[in-house]
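Student: Protein chains in written order, with this note's numbering: chain A, 1 to 313; chain B, 314 to 730.
Any given hint could turn out to be false.
Stretch by stretch, here's where chain B covers chain A in the computed footprint (C-beta under 8 Å, at least three residues) [to be verified]:
#1 122-136
#2 253-260
Non-contacting residues of chain B with respect to chain A, defined by C-beta distances greater than 10 Å in every case (computed) [as the list claims (entries may be wrong)]:
#3 Glu420
#4 Glu437
#5 Asp518
#6 Pro639
#7 Arg674
#8 Gln707
As a list, the in silico DSBU-like pairs of lysine-lysine whose alpha-carbon atoms are at most 35 Å apart [unchecked claim]:
#9 Lys337/B to Lys462/B
#10 Lys591/B to Lys154/A
#11 Lys154/A to Lys462/B
Because the hints were derived from the structure by calculation, they are not lab data.
In this text, all values refer to a predicted model and were calculated from it rather than measured experimentally.
Positions of the beta carbon are idealized from the N, C-alpha and C atoms, including for glycine.
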Amino acid sequence: MTDISQSAAVPGTAPQRPAATLSARLARWLPRLVMAPSFLVVLIGVYLFIAWTLWISLSSSAMLPRYDFVGLEQYVRLWNTPRWHTAVINLFLFTGLFLAVTIALGLLMAILLDQNIRAEGVLRTVYLYPMALSFIVTGTAWKWVLNPELGVEKVVQSWGWDTFAFDWITRPETAIYCVVIAAVWQSTGFAMAIFLAGLRGIDSSIIKAAQIEGASLPRIYASIIVPLLRPAFLSVIVLLSYISIKSFDLVLALTNAGPGGSTEMPSTFMFAYTFQRNQMGVGAASAIMMLMTVAAIIIPYLYSELREDTHGH
Amino acid sequence: MTKYKTLLLATALALPLPVLAQEKGTIEVLHHWVSESESAALNVVRERMAEQGFGWQDSAVGGMSGANATQALRTRLASGNPPGAMQFLGYEGLNWNAEGVVRDFSEPANEKGWFDAIEPEVAEFVTADGKFFAMPINMHRQNWIWANKKVFDANGLSVPQTWAELIAMGPKLKAAGVVPLATGDEAWQIQLIFDALVTDLNGPDFYRKALVELDTEALSSPGMIAVFDTLREVRGLVDDGFVGRDWAVATGMVASGEAAMQVHGDWAKGEFLAHGLKEGEDFLCFATPSKTPSYLFLIDSFGAFTTRDAATTAAQAALAETIMDPEVQRAFNRIKGSIPARSDVSVDGFDSCAVKSFEDRAAAIGNGAMLGALTHGFASQPQFAAVFADVVGQFFVTDMTSQQAVDMLVNGIANAM
Numbered sequence: 001m002t003d004i005s006q007s008a009a010v011p012g013t014a015p016q017r018p019a020a021t022l023s024a025r026l027a028r029w030l031p032r033l034v035m036a037p038s039f040l041v042v043l044i045g046v047y048l049f050i051a052w053t054l055w056i057s058l059s060s061s062a063m064l065p066r067y068d069f070v071g072l073e074q075y076v077r078l079w080n081t082p083r084w085h086t087a088v089i090n091l092f093l094f095t096g097l098f099l100a101v102t103i104a105l106g107l108l109m110a111i112l113l114d115q116n117i118r119a120e121g122v123l124r125t126v127y128l129y130p131m132a133l134s135f136i137v138t139g140t141a142w143k144w145v146l147n148p149e150l151g152v153e154k155v156v157q158s159w160g161w162d163t164f165a166f167d168w169i170t171r172p173e174t175a176i177y178c179v180v181i182a183a184v185w186q187s188t189g190f191a192m193a194i195f196l197a198g199l200r201g202i203d204s205s206i207i208k209a210a211q212i213e214g215a216s217l218p219r220i221y222a223s224i225i226v227p228l229l230r231p232a233f234l235s236v237i238v239l240l241s242y243i244s245i246k247s248f249d250l251v252l253a254l255t256n257a258g259p260g261g262s263t264e265m266p267s268t269f270m271f272a273y274t275f276q277r278n279q280m281g282v283g284a285a286s287a288i289m290m291l292m293t294v295a296a297i298i299i300p301y302l303y304s305e306l307r308e309d310t311h312g313h
Numbered sequence: 314m315t316k317y318k319t320l321l322l323a324t325a326l327a328l329p330l331p332v333l334a335q336e337k338g339t340i341e342v343l344h345h346w347v348s349e350s351e352s353a354a355l356n357v358v359r360e361r362m363a364e365q366g367f368g369w370q371d372s373a374v375g376g377m378s379g380a381n382a383t384q385a386l387r388t389r390l391a392s393g394n395p396p397g398a399m400q401f402l403g404y405e406g407l408n409w410n411a412e413g414v415v416r417d418f419s420e421p422a423n424e425k426g427w428f429d430a431i432e433p434e435v436a437e438f439v440t441a442d443g444k445f446f447a448m449p450i451n452m453h454r455q456n457w458i459w460a461n462k463k464v465f466d467a468n469g470l471s472v473p474q475t476w477a478e479l480i481a482m483g484p485k486l487k488a489a490g491v492v493p494l495a496t497g498d499e500a501w502q503i504q505l506i507f508d509a510l511v512t513d514l515n516g517p518d519f520y521r522k523a524l525v526e527l528d529t530e531a532l533s534s535p536g537m538i539a540v541f542d543t544l545r546e547v548r549g550l551v552d553d554g555f556v557g558r559d560w561a562v563a564t565g566m567v568a569s570g571e572a573a574m575q576v577h578g579d580w581a582k583g584e585f586l587a588h589g590l591k592e593g594e595d596f597l598c599f600a601t602p603s604k605t606p607s608y609l610f611l612i613d614s615f616g617a618f619t620t621r622d623a624a625t626t627a628a629q630a631a632l633a634e635t636i637m638d639p640e641v642q643r644a645f646n647r648i649k650g651s652i653p654a655r656s657d658v659s660v661d662g663f664d665s666c667a668v669k670s671f672e673d674r675a676a677a678i679g680n681g682a683m684l685g686a687l688t689h690g691f692a693s694q695p696q697f698a699a700v701f702a703d704v705v706g707q708f709f710v711t712d713m714t715s716q717q718a719v720d721m722l723v724n725g726i727a728n729a730m
């Protein structure tokens with residue numbers, strides 16, 4: 001403080017060295033100081049507990065943590081469990097379909113909304129609104145919509161189409177697609193909003209130039225606009241992937257992992273084994289498998305995307 | 314300034330009240346009873362504690378059939394801050410006792426004859442090596458059938474004596490536009506039908522061998538195949554809208570006459586009573602059909618965690634004695650819809666289904682057919698009980714053969730060992 005007031009008291013002279021060093025030092029340290037608490041919280045709250053989970057997965061922990069070492073026994077047990085196989089298949093099926101459909105629909109809606117139509121603000125809000133709902137609400141509502149005795153099937157049949165059948169949610173082999181439908185409904189508006197923001201950020205002179213060159217509208221979208229949306233794709237893919245991995249609440253509300261465990265997800269599996277079935281070691285092993293799966297997909301993707309950003313454009 | 318004075322006065326007036334209630338100590342009780350009748354029943358205990366000058370801090374964690382409360386307890390224990398008392402289901406009390414974290418009440422138990430007041434089947438879950446570590450308050454029976462009397466009368470049906478008779482009622486009811494059996498697809502709702510079938514078709518000894526001792530021979534025997542064959546026939550009695558159906562919704566279907574029957578525990582009774590229906594006139598309660606009617610029980614008990622706090626320790630002792638008081642058990646269970654865990658409480662004042670429950674329990678004890686309910690964790694440890702739930706739940710909604718189900722059961726149990 002004194003240094004600063006001194007330098008201010010002598011107008012016209014260059015700031016004195018100690019003051020310069022202090023403010024420079026402050027400028028250098030302030031960001032680190034401000035970041036330190038959250039860095040510490042993340043270090044302990046995330047990475048320390050990842051390490052702890054890894055340890056538990058190598059122990060014989062059952063009802064409570066037990067700090068011994070049994071090697072990969074829990075992992076062997078995990079992969080011998082048919083329910084885990086269902087969970088892994090479902091995760092890939094769900095994530096793949098959920099990402100593909102949400103991105104396709106979201107992009108299409110964004111492009112259609114971007115055509116300077118009337119009441120765009122209202123439509124945008126309507127499509128974005130499901131995002132404001134909790135997955136529990138979405139799951140419960142869709143549980144009723146998809147129920148053959150209450151929802152779509154019943155309504156269509158009452159209109160006179162007696163043979164109409166839409167009982168996916170009651171059949172173990174199709175129930176997972178019902179989870180996809182509900183999740184897509186919830187997240188499409190969100191993907192649309194991000195794509196729309198991306199579309200608005202594109203320089204219109206590029207499009208005009210292309211039009212002058214005689215490129216057709218589909219061609220302009222396919223070759224110019226969609227490639228320019230790459231950062232938007234990155235955000236959407238990263239955010240949707242993590243939504244799909246933590247889709248715990250949606251599954252619980254919609255199907256409760258049923259019928260017959262057919263919509264089990266790794267997250268519901270982990271919860272059941274750790275807290276209900278007294279097999280904490282197996283639960284921890286499944287959590288580590290989840291982490292490794294996510295890491296195997298997301299890390300290379302982020303690496304390639306972010307590296308191109310710094311070197312490329 | 315006047316504002317501050319009023320505030321001060323208000324604080325001064327407000328303070329003595331909680332102090333009075335906590336005169337001798339306050340106990341925090343962690344439980345998962347959040348429904349109206351459950352908390353009303355628990356109020357009986359709370360009021361009795363208040364009369365003795367003990368405060369009650371309620372920590373209700375509902376959801377997931379108590380799994381959420383158990384999770385809360387683990388977190389609290391791990392951080393060294395356990396609640397004063399906790400509600401236990403199934404093997405939880407035994408497991409916490411093995412961890413050495415719960416208090417032993419053998420002193421008052423010996424003094425007041427608690428050991429003799431409960432059946433040996435119940436004692437298995439609340440005592441060990443002369444220790445009395447959990448106070449059982451109530452007993453539910455899982456293998457009831459709830460039926461709509463008007464639907465039965467309209468179709469000329471009477472109480473079935475065997476499962477074959479029950480299944481044969483299906484076509485007639487379906488023709489009349491009634492769902493013969495209401496249930497949800499949740500594994501536990503199916504599993505409680507399975508539990509009943511195991512003992513109803515093969516007898517209580519087989520139940521103990523297969524579901525308690527997890528004997529591989531019994532698990533893969535023709536008796537078990539027959540259980541799955543019958544369960545497949547039971548599936549034919551259920552409508553297709555059963556996905557995600559809550560048990561209470563299924564009970565509501567029976568109450569309204571949309572469905573004829575539901576196999577469920579006696580907590581379903583409250584749903585009928587809430588609709589203003591009367592047993593014998595509007596609805597019927599009878600045991601699942603068998604030559605040797607079994608009594609598949611589950612109990613709720615409360616254990617206390619060891620603490621150095623003298624006031625909490627005193628409150629824990631008071632809670633234990635309050636719960637084991639026969640009059641408290643009577644008042645509690647009349648509201649909760651169950652019957653007392655103590656076998657020496659008279660039936661005075663209980664409703665007709667509960668009276669039937671008292672009688673059936675006495676008969677089942679004589680026949681050696683009083684058995685812990687697998688679905689609610691009173692037969693085998695959770696990691697095994699969950700394997701049964703997996704297989705039974707999956708079997709019910711798929712085309713799996715009985716042999717495949719039995720193989721899956723045997724492998725699943727071996728994998729969880």
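Student: For which of the previously enumerated hints does the structure constitute a violation, in increasing order of number?
Tutor: Per hint list: 1, 8 and 9 violated.
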